[in-house]
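Asks: Single-letter residue listing:
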Amino acid sequence: MEILKQISESLEKGDFNRVGELTQQALDQGLDPKVILDDGLIAGMSIVGQKFKVHEIFLPDVLLAAKAMYAGMDLLKPLMIKENIPSIGKVVMGTVQGDLHDIGKNLVSIMLKGAGLDVIDLGNDVPPAKFVDTAISENADVIGISTLLTTTMPVMGEVVEMAKERGVYGKVKIIVGGAPLNADYAEQIGADAYCFDGVNAVDCVKRFLGAG
Amino acid sequence: MRPTLRFLSDQLIEQIVSEAQELLSKIGVEIHNDNVTSLLADNGARVDNEKKRVFISRDLIESCVKAAPKAFKLYDVFGEEAVDLSGYNINFVPGSASINILDYESDRIRRPVTSDIVDFTKLMSGMQYIDSQATSIVPSDVPEKISDSYRLYLSLIHCSKPVVTGAFTIDAFNVMKDMQVAIRRSRDELKSKPLTIFSCCPTAPLKWSNVTSQNLLDCAEYFIPVEYISMPLTGFMAPVTLVGTLIQHTAETLSGIVISQLANPGAPVLYGGSPSVFDIRYETTPMGDVGTMMIDCAYNEVGKHLGLPTQAYIGLSDSKQLDAQAGLETSMGATLAALSGINSISGPGMLDFESCFSLEKLVVDNEICGMIQRMVQGIEPKEDFPCLPHFEEMMKEQHLLIYDHTRKYLKSEIHFPGNVINRANKARWEEEGSLTLRERAHKEVERIIEGYEAPELSEEIIMELRNLMETEAKKHGMDRLPVSD
Ligand code: B12
Numbered sequence: 053m054e055i056l057k058q059i060s061e062s063l064e065k066g067d068f069n070r071v072g073e074l075t076q077q078a079l080d081q082g083l084d085p086k087v088i089l090d091d092g093l094i095a096g097m098s099i100v101g102q103k104f105k106v107h108e109i110f111l112p113d114v115l116l117a118a119k120a121m122y123a124g125m126d127l128l129k130p131l132m133i134k135e136n137i138p139s140i141g142k143v144v145m146g147t148v149q150g151d152l153h154d155i156g157k158n159l160v161s162i163m164l165k166g167a168g169l170d171v172i173d174l175g176n177d178v179p180p181a182k183f184v185d186t187a188i189s190e191n192a193d194v195i196g197i198s199t200l201l202t203t204t205m206p207v208m209g210e211v212v213e214m215a216k217e218r219g220v221y222g223k224v225k226i227i228v229g230g231a232p233l234n235a236d237y238a239e240q241i242g243a244d245a246y247c248f249d250g251v252n253a254v255d256c257v258k259r260f261l262g263a264g
Numbered sequence: 088m089r090p091t092l093r094f095l096s097d098q099l100i101e102q103i104v105s106e107a108q109e110l111l112s113k114i115g116v117e118i119h120n121d122n123v124t125s126l127l128a129d130n131g132a133r134v135d136n137e138k139k140r141v142f143i144s145r146d147l148i149e150s151c152v153k154a155a156p157k158a159f160k161l162y163d164v165f166g167e168e169a170v171d172l173s174g175y176n177i178n179f180v181p182g183s184a185s186i187n188i189l190d191y192e193s194d195r196i197r198r199p200v201t202s203d204i205v206d207f208t209k210l211m212s213g214m215q216y217i218d219s220q221a222t223s224i225v226p227s228d229v230p231e232k233i234s235d236s237y238r239l240y241l242s243l244i245h246c247s248k249p250v251v252t253g254a255f256t257i258d259a260f261n262v263m264k265d266m267q268v269a270i271r272r273s274r275d276e277l278k279s280k281p282l283t284i285f286s287c288c289p290t291a292p293l294k295w296s297n298v299t300s301q302n303l304l305d306c307a308e309y310f311i312p313v314e315y316i317s318m319p320l321t322g323f324m325a326p327v328t329l330v331g332t333l334i335q336h337t338a339e340t341l342s343g344i345v346i347s348q349l350a351n352p353g354a355p356v357l358y359g360g361s362p363s364v365f366d367i368r369y370e371t372t373p374m375g376d377v378g379t380m381m382i383d384c385a386y387n388e389v390g391k392h393l394g395l396p397t398q399a400y401i402g403l404s405d406s407k408q409l410d411a412q413a414g415l416e417t418s419m420g421a422t423l424a425a426l427s428g429i430n431s432i433s434g435p436g437m438l439d440f441e442s443c444f445s446l447e448k449l450v451v452d453n454e455i456c457g458m459i460q461r462m463v464q465g466i467e468p469k470e471d472f473p474c475l476p477h478f479e480e481m482m483k484e485q486h487l488l489i490y491d492h493t494r495k496y497l498k499s500e501i502h503f504p505g506n507v508i509n510r511a512n513k514a515r516w517e518e519e520g521s522l523t524l525r526e527r528a529h530k531e532v533e534r535i536i537e538g539y540e541a542p543e544l545s546e547e548i549i550m551e552l553r554n555l556m557e558t559e560a561k562k563h564g565m566d567r568l569p570v571s572d
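Top to bottom, those sequences are chains A and B. Residue numbering for the first sequence follows my numbering, starting at 53 and increasing by one per position. Residue numbering for the second sequence follows my numbering, starting at 88 and increasing by one per position.
If you're looking for bench data, these hints aren't it; they were derived computationally from the structure. Since the model is a prediction, treat every value here as computed from it, not as a measurement. No residue lacks a Cβ here, since even glycine has one placed at the ideal position from N, Cα and C. Each hint should be verified, as a subset may be incorrect.
Some chain B residues close to chain A (C-beta under 10 angstroms, calculated; not the full set) [unchecked claim]:
no.	residue
1	Asn-187
2	Arg-198
3	Pro-230
4	Asp-366
5	Glu-370
6	Pro-569
7	Val-570
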């Protein structure tokens with residue numbers, strides 16, 4: 053459909069005003085919000101993601117596209133809630149207790165949101181229980197944990213243990229990231245995946261949601 | 088004449104400082120520590136408790152800058168003077184707190200263990216041109232909670248040079264301070280002869296965390312020097328322009344000075360930092376970027392203008408290997424830093440955005456430091472006027488190889504590098520095994536570690552340090568420390 057293609061293209065350019073206008077037009081034409089989301093906004097955002105991955109475009113281009121995505125989402129959200137259309141997935145993000153490095157975590161949150169996921173960002177210095185409590189109360193699909201300090205790496209393991217205690221381990225997938233981590237460490241503490249950047253995180257979360 | 092480099096005019100520096108003061112009085116600084124907030128409030132700063140913001144007036148900033156010492160010295164574990172942080176003096180310090188090490192045998196990056204740190208401290212003892220050590224490598228074979236104090240422990244018992252370090256938590260400060268008091272035998276002696284510098288980082292933009300601001304108070308109490316490590320990231324967590332980033336760096340650093348000087352007037356501080364250009368293409372913070380280096384040199388000029396000794400993370404590389412990139416980024420940074428007169432130049436040995444240490448690189452970088460130390464001595468006449476006698480001698484003898492003037496000045500005038508830098512002709516180089524830089528550097532590492540002699544600390548002090556460390560380790564669930572020699 054022409055208008056969906058236009059939404060996707062304007063989103064790629066980061067033209068947030070235009071994306072807002074076009075989304076409204078599409079709704080006025082009677083298109084289904086879910087279709088506008090999937091075939092307009094998210095379609096555009098995946099192209100952006102692809103280009104970013106191959107270094108054709110850079111972070112600010114992605115952020116601009118994400119801003120355009122929200123311009124459309126803001127219009128679709130209320131309708132989707134009303135019609136009970138579930139979001140494609142919900143991620144609880146945070147930097148662990150004792151660690152204040154949040155730049156990487158923020159970037160990952162932005163990328164996840166850009167991919168159409170709901171992200172609840174708990175900020176930094178987050179106690180283990182808060183990750184799990186929030187995931188349960190918000191019915192989240194994924195917990196994303198960040199740390200840049202070796203001293204606070206074990207706190208990630210505590211989050212995993214707590215998820216086991218509360219009986220959500222396996223149901224809520226746990227992904228971890230940050231400079232001192234690697235796949236081995238993630239496996240050792242029982243996390244479901246390690247991701248080295250935002251694009252990687254998006255792919256990984258999508259994989260989990262597809263499988264789940 | 089000492090060759091000196093300037094990026095900023097006096098007028099621009101004054102504008103930058105003035106704008107930074109404006110920021111601190113209008114936007115203020117966010118402080119997540121009640122002790123610090125009340126200290127500032129007691130000294131007349133306006134506090135917005137809800138937003139945790141503290142607004143600092145120009146007057147308060149200026150009086151605190153005045154209270155800070157213009158210079159200070161560091162002393163080795165025996166109490167001998169080792170480092171003079173004043174004027175345009177330069178001192179090199181290895182990069183700090185790497186979470187990885189570049190393993191020579193496998194040429195792979197891996198997690199470091201105690202034996203790597205011991206090798207590092209032994210190697211550091213033989214680094215002729217690097218006068219301070221640092222807790223450069225974070226061990227993976229002890230509980231994470233003691234990885235900061237344990238590094239300091241190993242440094243102090245194996246290498247006598249003063250140490251640039253830092254605490255990752257509030258609690259760790261205590262044992263790290265106790266170790267220093269144990270070495271100096273009293274708190275007063277530690278005050279008069281500082282042994283370490285603690286790195287304390289504000290968070291961009293304009294924020295102090297609970298841990299790092301408490302570290303400032305604790306260091307000030309014991310007169311342990313601190314270096315403020317403000318890290319604005321251009322175009323991301325700071326304005327994209329170098330001047331804008333400098334304004335933010337100045338504001339963050341001034342706020343640190345205010346905290347330290349209110350806590351204990353006269354507490355020794357370094358006007359430091361680790362700002363960086365943000366590479367939007369890879370989401371990284373390159374230390375080897377030319378803009379990063381320019382910001383470093385320029386904030387050092389601001390620090391000098393304020394009359395304070397300076398520090399920077401410059402003279403390191405983002406490469407993952409000991410390759411040409413590692414060499415060019417390190418030497419470019421270190422050269423610019425030295426020409427700018429940055430007093431404490433942190434970087435040697437470091438790769439991968441401050442994440443990976445290489446012993447072989449340290450040895451190469453030591454050569455860079457040596458060359459640079461020669462360079463900043465500049466060009467001075469040494470019995471060169473009148474020149475006639477020298478030329479008459481040359482005409483007569485056909486060379487000057489054994490001439491008095493040559494013998495007198497050869498060693499001080501000409502800097503000859505060590506074994507890492509190859510100056511043999513091709514045939515000789517081939518005959519000696521056609522060794523690559525990496526291989527030569529490794530041979531040097533082995534040679535220096537082989538020849539290492541432990542500092543002769545008294546049994547009593549060693550026992551005391553060991554007890555402190557073991558008690559700390561037990562507290563965190565480790566009954567026996569890894570074998571360290
Ligand atoms: C910027 C920085 C800071 C800033 C942080 C500002 C902020 N708001 O975050 C400040 C100045 C505050 C800071 C403070 C400190 N820092 Co610091 N810091 C850095 C630095 C230079 C860059 C980190 C960064 O932001 N990189 C850019 C981002 C985009 O990359 P990233 O974080 O790696 O994130 C990417 C991936 O890892 C991944 N990812 C990250 N999180 C997650 C999460 C999930 C779920 C997923 C899927 C993916 C993912 O995706 C991201 C996007 O690509 C690193 C060096 C380094 N090489 O990492 C040191 C570093 C991490 N810091 C270090 C230290 C020691 C400290 C301090 C303790 C120093 C001190 N004594 O004061 C304090 C910590 C205080 C505390 N309790 O937290 C050490 C850590 C050593 C160790 N043993 O752990 C490092 C390695 C530097 C060093 N060698 O000294 N630091």
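Asks: Each of the hints needs a verdict: does it hold here or not?
Replies: Cross-check of the supplied hints:
| no. | hint | verdict |
| --- | --- | --- |
| 1 | Asn-187 | 8 angstroms, holds |
| 2 | Arg-198 | 9 angstroms, holds |
| 3 | Pro-230 | 8 angstroms, holds |
| 4 | Asp-366 | 9 angstroms, holds |
| 5 | Glu-370 | 6 angstroms, holds |
| 6 | Pro-569 | 16 angstroms, violated |
| 7 | Val-570 | 21 angstroms, violated |
The structure fails hints 6 and 7 (numbered hints given earlier, in ascending order).
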